[in-house]
Amino acid sequence: MYRGIRDFFDRCGYLEVDTPLLTDSPIPESHIELFQTRRIQPDGTSYPLYLIPSPEIWLKMALASGSSSLFQIGRCFRNGEQMDKWHRNEFTMLEWYGVDKTAGDNLIVMQEIIEVAAGSVNSEAGEEVSGVIRKISMEEAFREFAGFSLESALEESGLSEINRASSGYPSALAEVSDIFRNRLKEKKLPTGEMEKESAADLFHRIFLTFVEEALPADRPLAITHWPAFIPTLARNIPETPWADRWELYIRGVEVANCYGEETDEKLLKKYWEDESPDKTNPDFRWPQLIAGGMPPCSGTAVGLDRLLALVRGDNNLKGLDLFPIHDSMLR
Amino acid sequence: MGMIKAGAIAKGTYLLEKNEPFVVAEREFVNPGKGSAFVRLKLKNLRSAAVLKVTHKSQDNCEEIDVDEVESQFLYSDGTNYHFMDSTTFDQFEVPMKAHENAQYYMLEGETFKLTRWNEETLDIRLPPKKDLLVAEAEEAVKGDTVTGATKYVITETNLKVKVPIFIKQGEKIRVNVESGEYQERIND
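Note that the protein sequences, when read in sequence, are chains A and B. The first sequence runs 66 to 396 under my numbering. The second sequence runs 14 to 202 under my numbering.
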């Protein structure tokens with residue numbers, strides 16, 4: 066499968082890159098736990114380094130420095146994951162960036178990648194894996210499965226007119242949070258400590274409870290147009306409350322995530338500020354470097370272990386574990 | 014009653030949701046990637062056997078039921094209730110069959126089981142993962158039918174209908190997976 070994917074990108078003129086697994090300053094993502102290690106210098110002093118959760122930062126740097134479209138296949142590390150059916154601490158990710166491409170363009174590429182993957186293992190999997198990707202917007206999914214219009218909620222709170230860097234943003238977020246809370250209460254769902262929850266968490270509660278499980282799985286499915294208030298590096302679709310983003314599900318398993326990339330320096334900085342573990346001291350080197358020269362582009366990250374298991378017709382990642390680690394073995 | 018973080022809930026954990034006792038039948042972790050980690054639970058109501066699906070954030074506090082485990086002897090069932098006797102105190106008590114219908118196929122009169130009790134109420138009957146049962150009724154295999162993988166149905170001494178390979182005969186013992194009700198192997202005593 067790896068060879069097939071490399072050949073495919075080679076034919077399309079993408080440059081293959083191989084970037085470091087260790088970094089001193091990963092992209093802040095408040096929901097991803099990192100593996101931390103220490104670099105020990107010859108004089109005995111040391112400083113922290115992190116295993117990358119994805120090669121995103123390097124690939125964006127390369128693009129900002131003038132690279133053409135590029136891709137990488139490499140190991141990524143996420144700490145704090147449950148080692149269950151579809152999660153591992155260490156996995157292989159394909160990440161590619163198409164210069165001057167949109168998220169929509171990358172969905173066409175994704176279809177070809179699935180075909181290459183299925184062909185590489187003589188997959189007997191049917192339409193549910195290699196069928197034509199069905200597109201459904203988050204708004205359509207909410208209307209159909211959660212029973213209300215997400216767009217109306219976003220418009221009502223004013224989120225369709227402003228962006229992350231606007232002064233009215235926090236109060237608009239609070240307003241949309243209230244709408245979500247009421248929806249959850251109407252459905253008599255366990256409320257947890259919802260009063261303190263962010264709009265993104267409340268959104269995910271609704272999405273995971275009503276929408277994700279109900280999605281049709283007879284063909285691969287891409288959910289497009291995610292709410293822009295979920296903090297990501299996807300660009301806003303102008304004049305709308307939506308981000309240029311899709312996520313791909315195969316047989317109900319999340320396989321890929323794609324952004325039309327944010328290139329606006331002000332919004333990039335705001336993201337870094339909000340997501341940094343140390344909010345008083347965000348590392349602004351990256352947004353400056355990226356925004357300085359990053360071309361309009363779209364990037365996609367694909368969990369290759371999941372894709373391979375799915376085209377094989379497996380129901381989990383076990384069949385790909387050559388040397389499995391179990392918490393119980395090591396504790 | 015203790016509090017437990019949703020992220021620490023495992024299959025088999027006893028929970029109180031909306032004042033009803035549940036056992037966790039399935040648990041799945043969901044990481045939306047760009048959001049907090051969530052746990053999706055499939056719960057079985059221990060009074061009605063109804064299934065409830067809930068999604069909790071890993072950090073949510075849930076109410077865990079502190080249960081007692083009591084060794085008890087299964088005496089008989091009367092069609093509505095199972096009758097048990099506490100092996101230590103010899104107290105006899107009933108457990109409604111409605112909530113634990115599956116148990117009738119895996120309990121033989123006189124056998125001892127661990128029961129999960131809470132405030133005088135029996136929440137759960139702990140069944141073994143596998144159970145050896147006698148075949149009470151089996152059709153004779155049709156002569157000449159040697160197709161590999163051919164199967165037929167038999168009825169066990171507990172009245173469980175099981176799909177088995179064609180060579181299984183009446184009076185033989187078979188091992189059955191209690192959760193799925195599927196045949197596993199023939200037991201030669």
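Treat the hints with caution; some may be incorrect.
Listed next, the in silico DSBU-like pairs over lysine-lysine satisfying Cα-Cα at most 30 Å (straight line) [as the list claims (entries may be wrong)]:
| id | chain 1 | residue 1 | chain 2 | residue 2 |
| --- | --- | --- | --- | --- |
| 1 | B | K182 | A | K150 |
| 2 | B | K66 | A | K383 |
| 3 | A | K261 | B | K18 |
| 4 | B | K174 | A | K253 |
| 5 | B | K176 | A | K150 |
| 6 | B | K57 | B | K24 |
| 7 | B | K165 | B | K127 |
| 8 | A | K252 | B | K182 |
| 9 | B | K127 | A | K253 |
| 10 | B | K143 | A | K261 |
| 11 | B | K111 | B | K24 |
| 12 | B | K111 | A | K383 |
| 13 | B | K31 | A | K250 |
| 14 | B | K18 | A | K200 |
| 15 | B | K182 | A | K253 |
| 16 | A | K252 | B | K18 |
| 17 | A | K252 | B | K176 |
| 18 | B | K57 | A | K253 |
| 19 | B | K66 | A | K250 |
| 20 | B | K143 | B | K186 |
| 21 | A | K253 | B | K144 |
| 22 | A | K250 | B | K55 |
| 23 | B | K66 | B | K24 |
| 24 | B | K18 | A | K253 |
| 25 | A | K150 | B | K143 |
| 26 | B | K176 | B | K127 |
| 27 | B | K31 | A | K252 |
| 28 | A | K383 | B | K57 |
| 29 | A | K261 | B | K24 |
| 30 | A | K200 | A | K252 |
| 31 | B | K182 | B | K57 |
| 32 | B | K31 | A | K383 |
| 33 | B | K182 | B | K55 |
| 34 | B | K66 | A | K200 |
| 35 | B | K55 | A | K150 |
| 36 | A | K334 | B | K182 |
| 37 | A | K150 | B | K186 |
| 38 | A | K261 | B | K66 |
| 39 | B | K144 | B | K57 |
Source of the hints: derived by calculation from the structure; they are not laboratory data. Since we're looking at a predicted model, the values are computed, not measured.
* **Holds or violated: K66 (chain B) to K200 (chain A), with C-alpha atoms at most 30 Å apart** => holds (27 Å)
* To do: Assess, step by step, whether the Cα of K182 (chain B) is no farther than 30 Å from the Cα of K57 (chain B), and give holds or violated.
  => violated (36 Å)
* To do: Below or equal to 30 Å on CA atoms is what counts here, so check K261 (chain A) against K66 (chain B).
  => Judged against 30 Å, a Cα distance of about 23 Å means the pair holds.
* Restraint status (C-alpha distance of K182 (chain B) to K55 (chain B) at most 30 Å) -> violated (38 Å)
* **Hint consistency between K176 (chain B) and K150 (chain A) [alpha-carbon to alpha-carbon, up to 30 Å]** => Given pair K176 (chain B), K150 (chain A) holds - Cα atoms ~28 Å apart, limit 30 Å.
* Is K143 (chain B) close enough to K186 (chain B), meaning Cα to Cα at most 30 Å? -> The hint holds at about 13 Å.
* Asked: Is the Cα-Cα distance between K261 (chain A) and K24 (chain B) 30 Å or less?
  -> Within the cut-off at roughly 28 Å; holds.
* Holds or violated: K127 (chain B) with K253 (chain A), Cα cutoff 30 Å? -> Outside the cut-off at roughly 34 Å; violated.
* Is K150 (chain A) close enough to K143 (chain B), meaning Cα to Cα at most 30 Å? -> holds (23 Å)
* 30 Å limit on alpha-carbon distance, applied to hinted pair K111 (chain B) and K383 (chain A) -> The given pair, whose Cα atoms are some 37 Å apart, is violated under the 30 Å limit.
* To do: Would you check the hint for K111 (chain B) and K24 (chain B), treating anything up to 30 Å between C-alpha atoms as holding?
  => holds (21 Å)
* **Pair hint K18 (chain B) and K253 (chain A), alpha-carbon separation not exceeding 30 Å** => With a Cα-Cα distance of about 20 Å, the restraint between K18 (chain B) and K253 (chain A) holds, given a limit of 30 Å.
In this structure, the hints that do not hold are numbers 1, 4, 7, 8, 9, 10, 12, 14, 15, 17, 21, 31, 32, 33, 36, 37, in rising order.
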